[in-house]
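Trainee: First to last, the protein sequences are chains S and V.
For the first sequence, full-length UniProt numbering assigns the number 1 to the initial residue and increments by one for each residue that follows.
For the second sequence, full-length UniProt numbering assigns the number 1 to the initial residue and increments by one for each residue that follows.
No lab work stands behind these hints, which were simulated from the structure alone.
Misleading hints may appear alongside valid ones.
The list makes no distinction among identical chains, and a pair is therefore deemed to hold if it is satisfied within one copy or across any two copies.
[As the list claims (entries may be wrong)] Below, a list of computed lysine to aspartate or glutamate pairs in the EDC-like style, where the Cα atoms sit at most 20 Å apart:
| hint | residue 1 | residue 2 |
| --- | --- | --- |
| 1 | Lys168 | Glu230 |
| 2 | Lys273 | Asp110 |
| 3 | Lys168 | Asp138 |
| 4 | Lys122 | Asp71 |
| 5 | Lys75 | Glu230 |
| 6 | Lys75 | Asp236 |
| 7 | Lys222 | Asp163 |
| 8 | Lys273 | Asp254 |
| 9 | Lys122 | Asp88 |
| 10 | Lys273 | Glu120 |
Number of protein chains: 2
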Amino acid sequence: MGSLMHLIPVTDPADPRLAAYTSIREKDLTSGHGGRFIVEGKVTLETLLTRSRFAVESLFLAESRLAPLADLLAKVPADVPVYTAPQDIMDQVAGFPMHRGVLACGLKGDIPLPGEFISEDKPRSGPLLLLSDISNHDNTGACFRNAAAFGAGGLLLDERCCDPLYRKAIRVSSGASLFLPYAHGGTGLDMVNAVLNAGYTVWAMTPRAEAQPMQSLPVPDKLAILLGAEGPGLPDALIAAAEPVRIPMSAGFDSINVATAGAIALAHVFGEKQG
Amino acid sequence: MGSLMHLIPVTDPADPRLAAYTSIREKDLTSGHGGRFIVEGKVTLETLLTRSRFAVESLFLAESRLAPLADLLAKVPADVPVYTAPQDIMDQVAGFPMHRGVLACGLKGDIPLPGEFISEDKPRSGPLLLLSDISNHDNTGACFRNAAAFGAGGLLLDERCCDPLYRKAIRVSSGASLFLPYAHGGTGLDMVNAVLNAGYTVWAMTPRAEAQPMQSLPVPDKLAILLGAEGPGLPDALIAAAEPVRIPMSAGFDSINVATAGAIALAHVFGEKQG
Numbered sequence: 001m002g003s004l005m006h007l008i009p010v011t012d013p014a015d016p017r018l019a020a021y022t023s024i025r026e027k028d029l030t031s032g033h034g035g036r037f038i039v040e041g042k043v044t045l046e047t048l049l050t051r052s053r054f055a056v057e058s059l060f061l062a063e064s065r066l067a068p069l070a071d072l073l074a075k076v077p078a079d080v081p082v083y084t085a086p087q088d089i090m091d092q093v094a095g096f097p098m099h100r101g102v103l104a105c106g107l108k109g110d111i112p113l114p115g116e117f118i119s120e121d122k123p124r125s126g127p128l129l130l131l132s133d134i135s136n137h138d139n140t141g142a143c144f145r146n147a148a149a150f151g152a153g154g155l156l157l158d159e160r161c162c163d164p165l166y167r168k169a170i171r172v173s174s175g176a177s178l179f180l181p182y183a184h185g186g187t188g189l190d191m192v193n194a195v196l197n198a199g200y201t202v203w204a205m206t207p208r209a210e211a212q213p214m215q216s217l218p219v220p221d222k223l224a225i226l227l228g229a230e231g232p233g234l235p236d237a238l239i240a241a242a243e244p245v246r247i248p249m250s251a252g253f254d255s256i257n258v259a260t261a262g263a264i265a266l267a268h269v270f271g272e273k274q275g
Numbered sequence: 001m002g003s004l005m006h007l008i009p010v011t012d013p014a015d016p017r018l019a020a021y022t023s024i025r026e027k028d029l030t031s032g033h034g035g036r037f038i039v040e041g042k043v044t045l046e047t048l049l050t051r052s053r054f055a056v057e058s059l060f061l062a063e064s065r066l067a068p069l070a071d072l073l074a075k076v077p078a079d080v081p082v083y084t085a086p087q088d089i090m091d092q093v094a095g096f097p098m099h100r101g102v103l104a105c106g107l108k109g110d111i112p113l114p115g116e117f118i119s120e121d122k123p124r125s126g127p128l129l130l131l132s133d134i135s136n137h138d139n140t141g142a143c144f145r146n147a148a149a150f151g152a153g154g155l156l157l158d159e160r161c162c163d164p165l166y167r168k169a170i171r172v173s174s175g176a177s178l179f180l181p182y183a184h185g186g187t188g189l190d191m192v193n194a195v196l197n198a199g200y201t202v203w204a205m206t207p208r209a210e211a212q213p214m215q216s217l218p219v220p221d222k223l224a225i226l227l228g229a230e231g232p233g234l235p236d237a238l239i240a241a242a243e244p245v246r247i248p249m250s251a252g253f254d255s256i257n258v259a260t261a262g263a264i265a266l267a268h269v270f271g272e273k274q275g
């Protein structure tokens, strides 16, 4: 164990220094004051410590996890407190059994709006993934995971999307929401227009019959892939602003999960660019 | 409401005729005696009544759902009892709030083994999806949903896979596990060998570098796509028996969900066959 690590044993589940970790199942930390988020488990902690865009505020570990995680903990900055407690105290703080025994709290900082993100003078390789009205944490997390797997340059989320830094979204993203650049806020149409104005082609993914089959289209150099809510799909106004594109599917059952649709489009584009 | 429907009001949550519906959250009906499964929600009930492979044993509906579902309920066979109860009685039976107010119980019957399935003298269009050691209900359900969306001819599951007729697997499948033909049981190697012996090419999906990129391969007429457990991936013996195939991914993050990997492979094959 590095001697620099700032280890703080805690014995009282009501210790105010653990406030960020209390009752984390129900709590919505990210939208409250302070803009904190919770990371759980070893893999995501490793992402937070090694390739995250965000600052780490503290760690909270079950005592039994200190030895097995020694190598990883050597990467914790010396000024970041590492609270430790017996498993039962940790469970009481979290409000449910925290079997993994690994929690950390990050600081969200400022997340740009899609228009700000696009106008940044940064070269971005890979397509952008645009999400409109994706309010399910699993779907948001899966979209980030898939975007990372297929080399997307970033994600834009409109105001109707849930926060990709929700605990469950981070977990489902396999940590991708901690390192992939993203923007969040404003209307779907503002988002699409910002991307169009920056010279992107926007593929509005929709099962509608009048949409072009994805495989029939050349893949533009600057491509944005737009996904909408799973039930209703993208609203007409967003489809009309973009290029309607469909994934060919079986006639009797044209229903796939929205994150899966995004993965199929991203994988197709990635494969075309490699080929 | 069709006058033929066999409507049975129930007022006692302990009524033995509702035994199949008690405490359904925890219960594993499918592997027990009797081989029943539970369907919940309108969309899945419609699948059960209109395109399922399975017999319906009974329905259990909140009273308030009778009128809105009248058209669908007209399709219930006259000899199938339809139990109805006030919402609070239904909640007590199910063991948790059954907001949708729609449950049905189906009979599983005999599910063939993969070897039996393959030796059936039936023409099957579309690729087969082979699952080895997929024990997560969400992943199993998603695999069925994706298989239906991309015209798979059926699914083979080895003995280490969970039952696709678990309540949650059916729901996540959007009902596809009720109508897609499938087989379940035996070892992964028996499953792969049965398919190879029947003249199929088996693509073992793996991120390993030595695997061929999917897009570089011709799509065989008789194709089986083999997926393994998400964490460890396919065991060496199954990869060695088949053709290792990979989905090209970003070098720094080659991790996608197993059902998503299956969807990408199925969508690619479907697109090639359409094109």
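Trainee: Evaluate each hint against the coordinates.
Mentor: A quick look at each hint next to the structure:
Taking the closest pair of Cα atoms, lysine 168 and glutamate 230 come within 20 Å of each other both inside a single copy (19 Å) and across two copies (18 Å). Neither within a single protomer nor between protomers do lysine 273 and aspartate 110 lie at most 20 Å apart by alpha-carbon distance, with minima of 33 Å and 47 Å respectively. With identical chains, the CA atoms of lysine 168 and aspartate 138 are at most 20 Å apart both within one copy (7 Å) and between copies (15 Å). Within a single copy, lysine 122 and aspartate 71 get their C-alpha atoms no closer than 34 Å, and across copies no closer than 57 Å, so neither meets the 20 Å cut-off.
For a Cα distance limit of 20 Å, the shortest separation of lysine 75 from glutamate 230 qualifies neither inside one copy, at 40 Å, nor across copies, at 28 Å. Taking the closest pair of Cα atoms, lysine 75 and aspartate 236 never come within 20 Å of each other, the shortest separation being 49 Å inside a single copy and 34 Å across copies. For the homomeric pair lysine 222 and aspartate 163, neither the shortest alpha-carbon distance inside one copy (26 Å) nor that between copies (44 Å) is at most 20 Å. Proximity of lysine 273 and aspartate 254 under a CA criterion of 20 Å is satisfied inter-copy only: 17 Å between copies versus 27 Å inside one chain copy.
For the homomeric pair lysine 122 and aspartate 88, neither the shortest alpha-carbon distance inside one copy (47 Å) nor that between copies (57 Å) is at most 20 Å. Taking identical chains as interchangeable, the C-alpha atoms of lysine 273 and glutamate 120 are never at most 20 Å apart, the minima being 25 Å within one chain and 42 Å between chains.
Checked against the numbered hints given earlier, this structure breaks hints 2, 4, 5, 6, 7, 9, 10; the rest are met.
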